[in-house]
Structure formats: structure tokens, C-alpha cells
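Colleague: Below are the chains, spelled out letter by letter.
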Amino acid sequence: MADLIIIGSGPAGLSAGITAAECGLSVLILDEYLKPGGRLLGQLYEEPGGKWWNGIEETRKLEKRAAALDLDIRLGTAVSNIEKEDGLWHVYTDRETFTAPSLLLATGAAESPVAIPGWTLPGVMSVGAAQVMTNVHRVKPGSRGVIIGVSVLSSAIAMELNIAGIDVAAIALPKMNEVNKDGANPAGVMDSLLHVSHMAPSKFVQFGSKLMQNDFMKKLGITFYPKGGVKMWGIPVMLRKAVIEICGTEQVEGVILATVTTNGQVVPGSEQRIDADFVCIAGGLYPLAELIGLTGCPFHHIDELGGYVPLHNEQMETPVDGLYVAGNITGIEGAKVAMSQGVAAALSIARNFGRQGLDDILREAVEYVGETRRKAHIQFHPEVAEGRRKMQQYWEEYEAAQERIAPEEPVVEKEVLQGV
Amino acid sequence: MTERILDHSVLGKLDTSPKVSFLFNGKEYEGIENEPIAAALLANGVRTLRRHEESGSPRGIYCNIGHCFECRVTVDGVQGMRACLTPVKDGMVVTGGGQLDAPVRDWRKNNG
Numbered sequence: 001m002a003d004l005i006i007i008g009s010g011p012a013g014l015s016a017g018i019t020a021a022e023c024g025l026s027v028l029i030l031d032e033y034l035k036p037g038g039r040l041l042g043q044l045y046e047e048p049g050g051k052w053w054n055g056i057e058e059t060r061k062l063e064k065r066a067a068a069l070d071l072d073i074r075l076g077t078a079v080s081n082i083e084k085e086d087g088l089w090h091v092y093t094d095r096e097t098f099t100a101p102s103l104l105l106a107t108g109a110a111e112s113p114v115a116i117p118g119w120t121l122p123g124v125m126s127v128g129a130a131q132v133m134t135n136v137h138r139v140k141p142g143s144r145g146v147i148i149g150v151s152v153l154s155s156a157i158a159m160e161l162n163i164a165g166i167d168v169a170a171i172a173l174p175k176m177n178e179v180n181k182d183g184a185n186p187a188g189v190m191d192s193l194l195h196v197s198h199m200a201p202s203k204f205v206q207f208g209s210k211l212m213q214n215d216f217m218k219k220l221g222i223t224f225y226p227k228g229g230v231k232m233w234g235i236p237v238m239l240r241k242a243v244i245e246i247c248g249t250e251q252v253e254g255v256i257l258a259t260v261t262t263n264g265q266v267v268p269g270s271e272q273r274i275d276a277d278f279v280c281i282a283g284g285l286y287p288l289a290e291l292i293g294l295t296g297c298p299f300h301h302i303d304e305l306g307g308y309v310p311l312h313n314e315q316m317e318t319p320v321d322g323l324y325v326a327g328n329i330t331g332i333e334g335a336k337v338a339m340s341q342g343v344a345a346a347l348s349i350a351r352n353f354g355r356q357g358l359d360d361i362l363r364e365a366v367e368y369v370g371e372t373r374r375k376a377h378i379q380f381h382p383e384v385a386e387g388r389r390k391m392q393q394y395w396e397e398y399e400a401a402q403e404r405i406a407p408e409e410p411v412v413e414k415e416v417l418q419g420v
Numbered sequence: 001m002t003e004r005i006l007d008h009s010v011l012g013k014l015d016t017s018p019k020v021s022f023l024f025n026g027k028e029y030e031g032i033e034n035e036p037i038a039a040a041l042l043a044n045g046v047r048t049l050r051r052h053e054e055s056g057s058p059r060g061i062y063c064n065i066g067h068c069f070e071c072r073v074t075v076d077g078v079q080g081m082r083a084c085l086t087p088v089k090d091g092m093v094v095t096g097g098g099q100l101d102a103p104v105r106d107w108r109k110n111n112g
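Sequence order for the protein chains is P and D.
Take the first sequence: its position 393, counted from the start at 1, is 393 in my numbering, and no numbers get skipped.
Take the second sequence: its position 102, counted from the start at 1, is 102 in my numbering, and no numbers get skipped.
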């Protein structure tokens, strides 16, 4: 039996496994994918200063450290259930059942779909799917694509497709309907992009962001936003065009684009068809929390963190005994933050296991998470620090409530015991 | 058409060995050992992995990382395997599901 089971071998899970093993714990890592690295694998971007962040290289470094520590990593192993009995976690997989006193969930994130007519056609895929196909498996998702959804993530992946020699015809908004609201509103999307304008490759957007410091200027900006889009790495980013339909019979053949008003309404008669053999849907990421839902851990919905997030503190502990979290399950952020959270979680686990002298280094690890967040090159939500503050507040409220409910001595239990 | 990215300006050259051959819906294809079935098929220009059980409409990969189950196929007799997660091996037999009978729906159409 291992001391610790980690579910997910992405940047958080691998970092946690390495740190926990360095503290002398025996660790088992489970992942349903065929390679370790999780979402880190697909990442590829140029950092300020011209150095490339290559997710495959970063994964290799972590794998090497894990191998040196003899970490037990079981790939292709899907977890189907978790139960706790007599202080032990039982993790059921499609192969066997594993048991350990501590469990770390580092399950990462999933992509939200965007409903558009024609979205079930072969050739339509999430933007992350195209990223993995291109960078990890090195197969082109197609020869000419359209990306639906304008965000930091979709722009970054558009650039990755571009580097691999894949033609991206346009990045446009989804058609506004009951489901697609925020992502289909040009003014709202423009607003969210302005927060990351420092990384915009286009002089137009950089210049524009300086002008748009107040709402009036923003409105003006979106009103006069060029209908043909602003080019980024040669790809037109269309904030005033929406994909209203994906066309094709057996697979994707093209999309229908239409001009939209500043609040996302389609302008009748503006429809035009463009050819494409694949379409990427970028609906944003949300914490993948189904497994932790089985443990009874409480959740809070925090927009800034991407959705429902399990209650946890800065040491990555949850209110459930022996249950910890790290990485995107705690909120959508970059891989570097996930790695630093993994380290903090592992130190907490080792300390709670009775390893001595870890208090100072745990405190430093928690501080380092914050520092990594502040220095992050890409921030998926501009107010992520505010989201973290909200979670910390929920944690403090929870602890205060526990103190009010729980008496010093478990009176009832004692009486029952005496009765026996 | 799709193709492999053999040379990438940042990621370098792709190692395409060892090659394997496998069957999909009775036809033989070549892939790179241990790449996902979905990637091997896409590299051969195959996008449709199955037909929807009820409507019969064509389906391919959607999320490519195991969450959505859109790419489920039968591998060596085992149903419900995700083509995006399953490493391709030499001699593998893969089949995509087709439309199934829907007698209740059809009865309603004619008698409801």
C-alpha cells in the first residue's frame, strides 16, 4: 500500500509526486492518458525575452526526476470510483483497486463546449484537441481551420497551429443564443482581451488598449473594430463576426460567418460562407471536479477560477481528512502555478504524515505559489487573484463554523461508549 | 486532407518508427506504434470513427483527451474504448459503431 495516491500526472500531479517522494513517502500516480504530462504536453509559446516554453520538454524534465525517485506511475488507468473506509481511500480503476491513507486529486480542467448548428460533424473539435493533435501527436487536424471563440487560449493555440504550418482562416465569435452569452458578446470579449493586451502581438491592439481605459472608449473601439478583423500572426481575429453554422454532410466543409452588432446580434443579410476542413471550438476551461464530487468535499462556484471549485486552503488541504487538491481542479491557471501548487500539496501531506521540520519550507512553498501567479505570462482570468481571495474567505468561514459546531469533547459519543 | 507534421520549427523532427498495421472497419491502415488510434486514423485522412447510435449521423473526435467519449470504438472485441486514449498496436482490429434499431421510436412514428 502506498502512503499517497495522486490522480492525474499533469504538471501538478507530477510535481507533487516528486516532492512527496523526496520527503520519503511512497507514491502511486494514476492517469488515464497514454503519456504523463497532462495539459502541459500541448503547451508551446514564446516567453518575453524570446525563450520558448515547450510543454513536451518540461514534461520530460519532470519525468526524469520522477524516474530517478522510482515513482510508480500507472498510465492508461481510468479511475471510476473513490470510497473512504476506516481512514483509508479506496481508488477503483478499470484495472485494480488501490488503497492509501492520503489522496491528492490533480485532475486538471476540461473544455466547455459551445453549441453551434453542425458542431457534431467530424472535423469539429475542441481547440485543445487540435493543440494535442498538432503538438503531441504531430498530425494536422486539417489543412484550413476556423476557430470559434476569441480568448487568450484560442489565440495562443491559433499561433501554435500557425507554427506547424496549418492555415487558420479566421478566429471569430460563436453565434449568440441561450447558451452562448458571454463568449458571443463583442464588447465583453474585447473587455476580457484588453486585460492581456500586453501580450498582444499586434501594434493595433497594443495601441488600442491604451486608448480604451474607460468604458466609453471601449464601446467606441468595438464599434469601429474592423469588420475584416485585426490580423494576429497573419490570422484575422474577428470580433464583429460570428459563426452561425458549421456546414458539411459527412464532415466539415465550411462555416457561415455573419456580421454581429456590438452586443452580438446577427445583422441579417451579412452571411457569407468560407471554406474550411476543420473547426475548433474554444469555450474556455473549467475545473474537472467529478471525482472529488464523490468524496463529499464541499464546493463553491467562483467565476474567476472557472467554475465549481472544491473548498481548500493555501496548503492545498480540503475539509475532508486525508484529501488534498492541486492544479487546475482548484481554478484555471497556467502550468507553472499548477507545479508550485503540487509542491505545496506534497509538503502538506508529508507534514500531516508526521515528517518533522517542514513548516518553514511549506510556508515558503505557499508564498511561491502566489509569486508564480503574480509573474504569470498568461492569465486565463484577469481577476484570478480575487478568485483565490474568495476561496480563502470561504475556507475561513468554514473553519469558524466548524469551531462553533464542534464542542471540545465529543460528548455524545462518550455517553454512548459508556452505555456500551 | 490531413498529414503528419514531420518537421516542426520548434519541436524538431518526428520519429515515425516503429510502424504498425491495423484494421479499421475491415480496411488496413498504417500507424506509428503506441500513438492513439484516433491520431493514426486522422493521419490516414479518416475523421469518422462511428455513427450515432440513434440518428446515424457521423461522429469523430471532439475533446481528444478522454472526456467526451465521442470517439468510442470497439478494439479487439472490447466495446466503448476511447480512440483518443488507446495506443495503436500491430494487428489491432478496430471497428466503429453504427446506427442501432430504435423500435420504440419507430413504432411511435407510425402509431403515435
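A hint or two may mislead.
[As the list claims (entries may be wrong)] A short list of chain P residues far from chain D (calculated; beta carbon distances all over 12 Å):
1. D3
2. K35
3. G42
4. L69
5. T120
6. N135
7. R138
8. K140
9. Q251
10. Q265
11. E304
12. K336
13. Q402
[To be verified] Some chain D residues close to chain P (C-beta under 7 Å, calculated; not the full set):
14. V10
15. A39
16. T48
17. G60
18. I61
Hints in this document: simulated from the structure, not taken from any laboratory.
Owing to the predicted nature of the structure, the values given are computational and were not obtained by experimental measurement.
We treat Cβ as the ideally placed atom computed from N, Cα and C, and that holds for glycine.
Colleague: For every hint, state whether the structure bears it out.
Modeller: Evaluated hints:
no.	hint	verdict
1	D3	27 Å, holds
2	K35	9 Å, violated
3	G42	9 Å, violated
4	L69	24 Å, holds
5	T120	6 Å, violated
6	N135	7 Å, violated
7	R138	4 Å, violated
8	K140	5 Å, violated
9	Q251	5 Å, violated
10	Q265	28 Å, holds
11	E304	23 Å, holds
12	K336	19 Å, holds
13	Q402	34 Å, holds
14	V10	6 Å, holds
15	A39	4 Å, holds
16	T48	5 Å, holds
17	G60	3 Å, holds
18	I61	6 Å, holds
Hint violations for this structure: numbers 2, 3, 5, 6, 7, 8 and 9, all remaining hints satisfied.
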